[in-house]
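Can you build the whole structure from these sequences, using the hints too?
Given next are the chains, with one letter for each unit.
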Amino acid sequence: MKSAVIIFPGSNCDRDMDVALKKFGFKNQMVWHDDQEIPKSDLIVLPGGFSYGDYLRCGSIAGKSKIIKSVIEFANSGGLVLGICNGFQILTETGLLPGVLLQNKYQKFICKNVHVKINNKENKYFKNIKKEVLELHIAHNEGNYFCSKDELKSLINNNQIAVTYCNENGKESDEFNPNGALSNIAGIFNKNKNILGMMPHPERVIDKSLSSDDGNFFFENLIENLK
Amino acid sequence: MNEVNEQIAIDHGLKKEEFSKICDLLKRTPNLTELGIFSAMWNEHCSYKSSKLHLKKLNTKGKKVIQGPGENAGVIDIEDDDAIVFKIESHNHPSFIEPYQGAATGVGGIMRDVFTMGARPIANLNSIHFGSPQHPKTKNLLRGVVKGIGGYGNCMGIPTVGGQTSFDDSYNGNILVNAMTLGLVNKNKIFYSKAAGVNKPVIYVGSKTGRDGIHGASMASAIFDDKIEEKKPTVQVGDPFTEKLLLEACLELMSGKSIISIQDMGAAGLTSSSIEMASKGNLGIELNLNKVPCREEKMTPYEIMLSESQERMLIVLESGKEDEAKKIFDKWNLDFAVIGKTTSSKKIELFFDDNIVAEIPINILAENAPLYDRKWKKTKLPQKIKFNKDDFKKLKITEVLKKILSLPNISSKEWIWQQYDHTVMGDTIQKPGSDSGVVRVHGTNKAVATSVDSSAVYCYAHPLTGGKQVVCESWRNLISCGSKPIAITNCLNFGNPEKEKNMGEFVECVEGINEASKFLDYPVVSGNVSFYNETKDKGIKPTPAIGGVGLIKDYKKMITMSLKNNENLILVIGKTEGHIDQSVFAINILNEKKGPPPDINLLNEKNNGETILKLIEEGLIKSAHDVSLGGIITAVSKMAIKGKKGFKLNKLKVLINKFDYYFGEDQGRYIIEIEPKNLSKVQKILKDNSVHCDEIGLVTEKDIILDKEPIIHIDDLVKSNTNWLKEYMDK
Chain A
1 MKSAVIIFPG
11 SNCDRDMDVA
21 LKKFGFKNQM
31 VWHDDQEIPK
41 SDLIVLPGGF
51 SYGDYLRCGS
61 IAGKSKIIKS
71 VIEFANSGGL
81 VLGICNGFQI
91 LTETGLLPGV
101 LLQNKYQKFI
111 CKNVHVKINN
121 KENKYFKNIK
131 KEVLELHIAH
141 NEGNYFCSKD
151 ELKSLINNNQ
161 IAVTYCNENG
171 KESDEFNPNG
181 ALSNIAGIFN
191 KNKNILGMMP
201 HPERVIDKSL
211 SSDDGNFFFE
221 NLIENLK
Chain B
1 MNEVNEQIAI
11 DHGLKKEEFS
21 KICDLLKRTP
31 NLTELGIFSA
41 MWNEHCSYKS
51 SKLHLKKLNT
61 KGKKVIQGPG
71 ENAGVIDIED
81 DDAIVFKIES
91 HNHPSFIEPY
101 QGAATGVGGI
111 MRDVFTMGAR
121 PIANLNSIHF
131 GSPQHPKTKN
141 LLRGVVKGIG
151 GYGNCMGIPT
161 VGGQTSFDDS
171 YNGNILVNAM
181 TLGLVNKNKI
191 FYSKAAGVNK
201 PVIYVGSKTG
211 RDGIHGASMA
221 SAIFDDKIEE
231 KKPTVQVGDP
241 FTEKLLLEAC
251 LELMSGKSII
261 SIQDMGAAGL
271 TSSSIEMASK
281 GNLGIELNLN
291 KVPCREEKMT
301 PYEIMLSESQ
311 ERMLIVLESG
321 KEDEAKKIFD
331 KWNLDFAVIG
341 KTTSSKKIEL
351 FFDDNIVAEI
361 PINILAENAP
371 LYDRKWKKTK
381 LPQKIKFNKD
391 DFKKLKITEV
401 LKKILSLPNI
411 SSKEWIWQQY
421 DHTVMGDTIQ
431 KPGSDSGVVR
441 VHGTNKAVAT
451 SVDSSAVYCY
461 AHPLTGGKQV
471 VCESWRNLIS
481 CGSKPIAITN
491 CLNFGNPEKE
501 KNMGEFVECV
511 EGINEASKFL
521 DYPVVSGNVS
531 FYNETKDKGI
541 KPTPAIGGVG
551 LIKDYKKMIT
561 MSLKNNENLI
571 LVIGKTEGHI
581 DQSVFAINIL
591 NEKKGPPPDI
601 NLLNEKNNGE
611 TILKLIEEGL
621 IKSAHDVSLG
631 GIITAVSKMA
641 IKGKKGFKLN
651 KLKVLINKFD
661 YYFGEDQGRY
671 IIEIEPKNLS
681 KVQKILKDNS
691 VHCDEIGLVT
701 EKDIILDKEP
711 IIHIDDLVKS
721 NTNWLKEYMD
731 K
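The listed protein sequences correspond, in order, to chains A and B.
Take 1 as the starting number for the first sequence in our numbering and just add one per residue.
Take 1 as the starting number for the second sequence in our numbering and just add one per residue.
I should point out that these hints are in silico values taken from the structure, not numbers from a laboratory.
Among the hints, a few may not be true.
[Said to hold, decoys possible] Across the chosen pairs, the derived CB separations fall in these ranges:
id, chain 1, residue 1, chain 2, residue 2, range
1, A, Lys27, B, Ile356, 43 to 49 angstroms
2, B, Lys291, A, Asp150, 55 to 61 angstroms
3, A, Asn192, B, Asp703, 53 to 59 angstroms
4, A, Gly25, B, Asp169, 56 to 62 angstroms
5, A, Asn169, B, Glu727, 24 to 30 angstroms
6, B, Ala337, A, Asp34, 54 to 60 angstroms
7, B, Asp323, A, Lys153, 54 to 60 angstroms
8, A, Ser173, B, Leu381, 54 to 60 angstroms
9, A, Asn167, B, Glu252, 26 to 32 angstroms
10, A, Ser173, B, Lys593, 42 to 48 angstroms
11, B, Val237, A, Asn76, 38 to 44 angstroms
12, B, Val237, A, Lys27, 38 to 44 angstroms
13, B, Ile656, A, Asn169, 26 to 32 angstroms
For glycine and all other residues, C-beta sits at the position ideal for the given N, C-alpha and C.
Below you can see the structure in the form of C-alpha cells.
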C-alpha cells in the first residue's frame, strides 16, 4: 500500500506520521507543499503541526496552498484523505469537511491522553476494528469542533461523526470532553467516508513504551482494509 | 554622528573606568556605533566579567565530554557515534517585563544554540521561579510565561519533557525563566563557531533585522527599578514558525560540506556573533551593513549592530558555495544575504553608505574585556535549631502530609505541563511530573534522561552545601529512572555581584557545584550566568539551576516512580538521621526558617547511586524515586499518587522521632519498590556495597495505613496534591 504525507512549512508531525505508516507496512513518500503533483497513493495524510505558522486561522493558508488542489481532486475522486490535528483544521478550511475548529474552551493548549468512541465502522478506516474505544493522544490549542445546527443534523443523519470523546468505557459526557467540542466530536467523515479528519493523534501511541499503543489498532486495521 | 562622551557611555551601562579604558585602547574616542558595540560586548551578560575567574575553576572535563563550555552549547558522547548537544540559559529580565515574549524567545534562543551546532533538538525543559502566590503579579506572570514557553516549543514541534516550578517571596520583583534544550547529532558532524580562512563569504540568514531588542543584553545586566515597564521595547518578539523553517534550512545546509562556521545571533545580535566567530578564528571581519536585510526603514548602523531580532544566524561559507546555500534558504522562504567577508586585519570593520562606520581591533573587544575579582563574603554554616519535640505531639502525620502535598512548591504542576506538547516526535517515554523526562534516541534502543533542579532554600542557608546539593539532586533524579548520569549544564541565577554577600553566594555555590561535579565525575559542559536579579535593593535567593543528562542503554529497562503491585516491599536506601532544619516540615509546618541545610556526603551519594543502578541492571527494582523536599513520606506518597496505589508503613524500628524520620530531608536517599521474593538478593547487593537500607512498609491497593492513625484513601492524597495550582490559576 502506498501513502503520501504532505509537508507544509510548519508541519511538525510529518516525521511521526511517516514512522507510523512505515511501521504498519505502508510505502510512504513525503510531498512538499510547493509541488503540484502527488505520487500515486492509496492514502494521503495531512499531518499535525502549525502550517505556515497558523498565525491566521489554523489551516487557512494551507487550505489555499499549491498542493492542496491535487489533494482536493484526489479526495473528490474517492481517494482516502486523512487529516490529523492541523490536518483536520486544513480539511475544514478547504471545505472538504464541514464545520470549524475553535480555540479550546479553557483557552489553553492541551496535551494528554483521551479516549474516543468509534461511532461508525462502515468505512475503510474503522471497518473490522477490534475495539469500540481507543486511547489516543491530543495536543492542540484549537480542537473545539463547531458547526451550525443544520450541519450537525446532516452529520448525524449521514453517519459522519467518526469518533467522540468519552471515558475508557465509552461513556460520553462533558466531563470527558477536553476542549468543549460540539457533541464531544473528536473526528468526522465527509459524506462518502473517504475523508477523515480528527484531532487525536494515533501516530503518537504506537508502542507499549509510549503513553498508549491503541494507535496500532487504527493503523493495522487501516492497511488491512486497503489491501 | 553624535559626539560620544563619558555620560553617554554611562547611559550605555559602562562604568567611568571602562570608558577611559576604551579610549586608551583605541587611542581615540569611539563613535556612537563603536560605543554601542563595546557596551554590548562588555556588559555582564556577554563578557562574564564578574564570574569568569570563578567559572574557570569548574570541572569541565571527562571521558564523555566532546565539547565543554565556550561553544554555543556543550556536547557529550552517548556511544555509537551519537552525541547530545545541550545547554540551559536564562531569560529572566525580559520575562519579568513581558512574560509571554520573554519566555518564548528564551526557548527560541536556547534551541538555536543547539541546532547551530548541527543537532536536531529532541527535548526541552525549563526551570521557572515566581514570587509568592499572594503577590499581585504572580498569577499573570506565571500564565504568560507558561503560554510563552508552550507557544514557542509546541510550534517548533520539540517536546517539553521536564521542568521545575517554584514560588518564593524573593522572586517577587525578579522572576526566573531558565530554558534548556537537548539536541541529537552525529558526533562526526558537529558544527562550531570558529571561523577559518581569509576572504570567505559571511552570510546572514533567517528573519529580517528590526528595532526590537536593542540593548537587550545590557538590560539583562542591570538591576530593576520603578521604571522597568519603560524597558518593554528591549524585549524581543518571537516567531517560532520562522525558527522552525530556520531549523530545517540549517540542517539541510549542514548535510552538505559548505559551512566553515556558524553562530546564532543571540544576545547582542550581529555584534557578538560576528566578533565571536572572528575572535575564535584569530581573524578579522568586514561587514557591509547596507546588505543586512532590514524589517524597518532607515535603520542606522548602530541599530543594525545592536538589534536582538530573533531567528537569525551568521554563517561563514566556503567560497563559491553561495548559490548552493541560497537555493536552500529560498526553498524555506528565508532571507539570505552575503553581508561581508573574513579578513586578515584582525579588526571588525563596518561599512555603511560607502563609509567606514566602525573599526575596532577584535582582541580589544574580546580578550581585553574587563575582568573583575569582586570582593565576596563567606556564609557561615548556621547553628542547628533545637526543636521542641513536645510541639510535634499535637500533630498528626497524615494531616501534615496532606498539607505538605498541597503546598505550592510540592503540589502537582500538571496545570503547567499539560500546556506543553510533551509527546511530539513520538519518542517521549517518561513525561513531565516524573524524576526525569526520558526520550528515546530515535530508531535505537537507547534513551536519554534529563532533569533540571535547583534548591534556593538550601543555597540561601549555606551556599556551599546548597551548591553541592543541587548537583546531587540532579544526579539522583537521573539515577532514579535507571540512567547513568553523564554531564550537566548550569544556569547561575544570582543577585547583584557588586554586593559582597551576593558575590559570596555565587562564589560558594560555584565551589559547591564544582566539588560535587568532580566527585561524581559529572562535569559541567555548558552554562550561563544571570546576575543583577535584584529590584529596589532586594535580590533573589541564590538559585543555581542544574540541568543533567544521563544515558539509558536499553530503554526497556527504564524505571518509573509509580508504585506497581500490592504486597511489594518499600525500602529506603541511604541512612536517615532526621535532619529537620531547612526542611519543608520546619519551614512550612513549624514556621522555623533558620538552621543549616542537610549535609552532603559525596562518598555515600556516589555509592548509593551506583548501587541503585546495579539493582536496576539486575532487574530487581519495580519503581524508584529520590527522597527530596518533604522527606520519606512525601516521596512514598508521590509514588503512590502516580501509581494510584496505597501503602502501609511499619512501626518504626529506629530510635528517631517519627516526624524527624518521615519528614527529615537527609540527602543521598532513594525509595525503591521490590518484590518480596527478591528481598534477600537486594539485601545482599546492598550489604556487599555497604549501603544502608530500611524496610519501611509495603504497597496496598488504595489505603494509606500508618501506625495508630486513621486510614486514608489514596484519592485524598491525589486531591491534596493536584488541586492547589488548578484552583489558584483558574479561579
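Cross-check of the supplied hints:
1. A:Lys27 with B:Ile356: 43 to 49 angstroms: violated (59 angstroms)
2. B:Lys291 with A:Asp150: 55 to 61 angstroms: Cβ of Lys291 of chain B to Cβ of Asp150 of chain A: about 57 angstroms, so the range 55 to 61 angstroms holds.
3. A:Asn192 with B:Asp703: 53 to 59 angstroms: holds (55 angstroms)
4. A:Gly25 with B:Asp169: 56 to 62 angstroms: Because 59 angstroms falls inside the window, the suggested range holds.
5. A:Asn169 with B:Glu727: 24 to 30 angstroms: Since the Cβ atoms of Asn169 of chain A and Glu727 of chain B sit about 28 angstroms apart, the hinted range of 24 to 30 angstroms holds.
6. B:Ala337 with A:Asp34: 54 to 60 angstroms: Check failed, 22 angstroms falls outside 54 to 60 angstroms.
7. B:Asp323 with A:Lys153: 54 to 60 angstroms: About 58 angstroms separates the Cβ atoms of Asp323 of chain B and Lys153 of chain A, which means 54 to 60 angstroms holds.
8. A:Ser173 with B:Leu381: 54 to 60 angstroms: Given about 58 angstroms between the Cβ atoms, the range holds.
9. A:Asn167 with B:Glu252: 26 to 32 angstroms: Violated: the Cβ-Cβ distance is about 45 angstroms, outside 26 to 32 angstroms.
10. A:Ser173 with B:Lys593: 42 to 48 angstroms: holds (47 angstroms)
11. B:Val237 with A:Asn76: 38 to 44 angstroms: At 41 angstroms between Cβs, range holds.
12. B:Val237 with A:Lys27: 38 to 44 angstroms: Since Val237 of chain B and Lys27 of chain A have Cβ atoms about 43 angstroms apart, the given range 38 to 44 angstroms holds.
13. B:Ile656 with A:Asn169: 26 to 32 angstroms: Violated, since Ile656 of chain B and Asn169 of chain A (Cβ atoms, about 47 angstroms apart) do not stay within the stated range.
The earlier numbered hints that this structure contradicts are 1, 6, 9 and 13.
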